[in-house]
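Novice: Sequence:
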Amino acid sequence: MAAPKKSVAKEAGQEKASSPPEFTKEQELKALRDMLLIRRFEEKAGQLYGMGAIGGFCHLYIGQEAVVVGMQMALKPGDEVITGYRDHGHMLACDMEAKGVMAELTGRRGGYSRGKGGSMHMFSKEKHFYGGHGIVGAQVSLGTGLAFANRYRGNDNVSVTYFGDGAANQGQVYESFNMAELWKLPVIYVIENNRYAMGTSVSRASAQQDFSKRGASFNIPGKQVDGMDVRAVKAAADEAVAWCRGGNGPMILEMQTYRYRGHSMSDPAKYRTREEVEKVRHDQDPIEQVRNRLLASGASEQDLKAIDAQVREIVNEAADFAQHDPEPDPAELYTDIYR
688 MAAPKKSVAK
698 EAGQEKASSP
708 PEFTKEQELK
718 ALRDMLLIRR
728 FEEKAGQLYG
738 MGAIGGFCHL
748 YIGQEAVVVG
758 MQMALKPGDE
768 VITGYRDHGH
778 MLACDMEAKG
788 VMAELTGRRG
798 GYSRGKGGSM
808 HMFSKEKHFY
818 GGHGIVGAQV
828 SLGTGLAFAN
838 RYRGNDNVSV
848 TYFGDGAANQ
858 GQVYESFNMA
868 ELWKLPVIYV
878 IENNRYAMGT
888 SVSRASAQQD
898 FSKRGASFNI
908 PGKQVDGMDV
918 RAVKAAADEA
928 VAWCRGGNGP
938 MILEMQTYRY
948 RGHSMSDPAK
958 YRTREEVEKV
968 RHDQDPIEQV
978 RNRLLASGAS
988 EQDLKAIDAQ
998 VREIVNEAAD
1008 FAQHDPEPDP
1018 AELYTDIYR
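Our numbering puts the first residue of the sequence shown at 688, with every later residue one more than the last.
I should point out that these hints are in silico values taken from the structure, not numbers from a laboratory.
Nothing here was measured: the structure is a model prediction, and the numbers come from that model.
A portion of the hints provided could be inaccurate.
[Claimed, not checked] Listed next, the in silico DSSO-like pairs over lysine-lysine satisfying Cα-Cα at most 27 Å (straight line):
#	residue 1	residue 2
1	Lys966	Lys717
2	Lys966	Lys731
3	Lys717	Lys910
4	Lys814	Lys763
5	Lys803	Lys731
6	Lys717	Lys763
7	Lys966	Lys910
8	Lys871	Lys910
9	Lys910	Lys900
10	Lys717	Lys814
11	Lys763	Lys910
12	Lys731	Lys957
13	Lys814	Lys871
14	Lys731	Lys814
15	Lys763	Lys712
16	Lys731	Lys992
17	Lys803	Lys814
18	Lys871	Lys900
19	Lys763	Lys871
20	Lys717	Lys992
21	Lys966	Lys992
22	Lys812	Lys717
23	Lys717	Lys803
24	Lys731	Lys717
Please take these sequences and the hints and turn them into a complete structure.
Specialist: Right, dumping it as structure tokens:
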């Protein structure tokens, strides 16, 4: 059983970076609202899964909210996002509607894939979100392809390609790295290192635990980031976006983060101690960090509770819609099929 670590940001044996640039009050409030939406959505999804309203797999993003929220704060319309199966948070951060995401989880007509795809197969061309992929590491080559398309078309859009510490050991990842650097493709590889992949500690599964160095043999620069601090994520994202838009090729950002739940809803997570999880929650929770800074700067407890109440209302409406929206017509089985 893995011993508790002092800090998520020290997982690879490096000290936590210096304090990131401060947020304005408006940025803090946006970060709080966006992270709360993901947290409350995932909590509700967990409840619906327990009730049997959501079938199949359900991978929750609770604890990792600062990563995708901070990254999105650095992007512009037209930039693409692609990720693996722990994807609900990424959809919401891309401004996809909570109702459509939850309805897809329950297999209803109003879902983003009309109830046919479920958790791992949701897309939104309008929001430039390209999934949601259940095959470990498969999205990395696709995200590299999105970057190739941007370069081919001559625009300045960036592809943000997320994958985890477990997927970082897949062979297709390194083939993608090689092509991306060779052709100077505008892709940011975001490795969400939550330390346990599907349930195995990185110390047991990875010979090189500093994932920011994974592109060294391809001359791809990398950076370790405190993925529990939305300000640090935003600062690193700004740097990476500028690098890619400047025609310099890809960059790797290792987000040192932590998930509070098991790999999926069916995982009891016995490979770590309850004390370790509670320590991270108490010391580094990304939402509480923002909340505490807002309170220290003069925001009232009542105002922050009002934001949480608004978010809960959105999530409750989404859950109600997802349970009462009609199921897909059987004829839907034959749509979107290509020979």
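Novice: Now, for every hint given, state plainly whether the structure supports it.
Specialist: Evaluated hints:
| no. | hint | verdict |
| --- | --- | --- |
| 1 | Lys966 / Lys717 | 26 Å, holds |
| 2 | Lys966 / Lys731 | 24 Å, holds |
| 3 | Lys717 / Lys910 | 25 Å, holds |
| 4 | Lys814 / Lys763 | 11 Å, holds |
| 5 | Lys803 / Lys731 | 21 Å, holds |
| 6 | Lys717 / Lys763 | 16 Å, holds |
| 7 | Lys966 / Lys910 | 25 Å, holds |
| 8 | Lys871 / Lys910 | 18 Å, holds |
| 9 | Lys910 / Lys900 | 8 Å, holds |
| 10 | Lys717 / Lys814 | 19 Å, holds |
| 11 | Lys763 / Lys910 | 22 Å, holds |
| 12 | Lys731 / Lys957 | 23 Å, holds |
| 13 | Lys814 / Lys871 | 25 Å, holds |
| 14 | Lys731 / Lys814 | 23 Å, holds |
| 15 | Lys763 / Lys712 | 21 Å, holds |
| 16 | Lys731 / Lys992 | 18 Å, holds |
| 17 | Lys803 / Lys814 | 19 Å, holds |
| 18 | Lys871 / Lys900 | 18 Å, holds |
| 19 | Lys763 / Lys871 | 20 Å, holds |
| 20 | Lys717 / Lys992 | 14 Å, holds |
| 21 | Lys966 / Lys992 | 24 Å, holds |
| 22 | Lys812 / Lys717 | 24 Å, holds |
| 23 | Lys717 / Lys803 | 32 Å, violated |
| 24 | Lys731 / Lys717 | 21 Å, holds |
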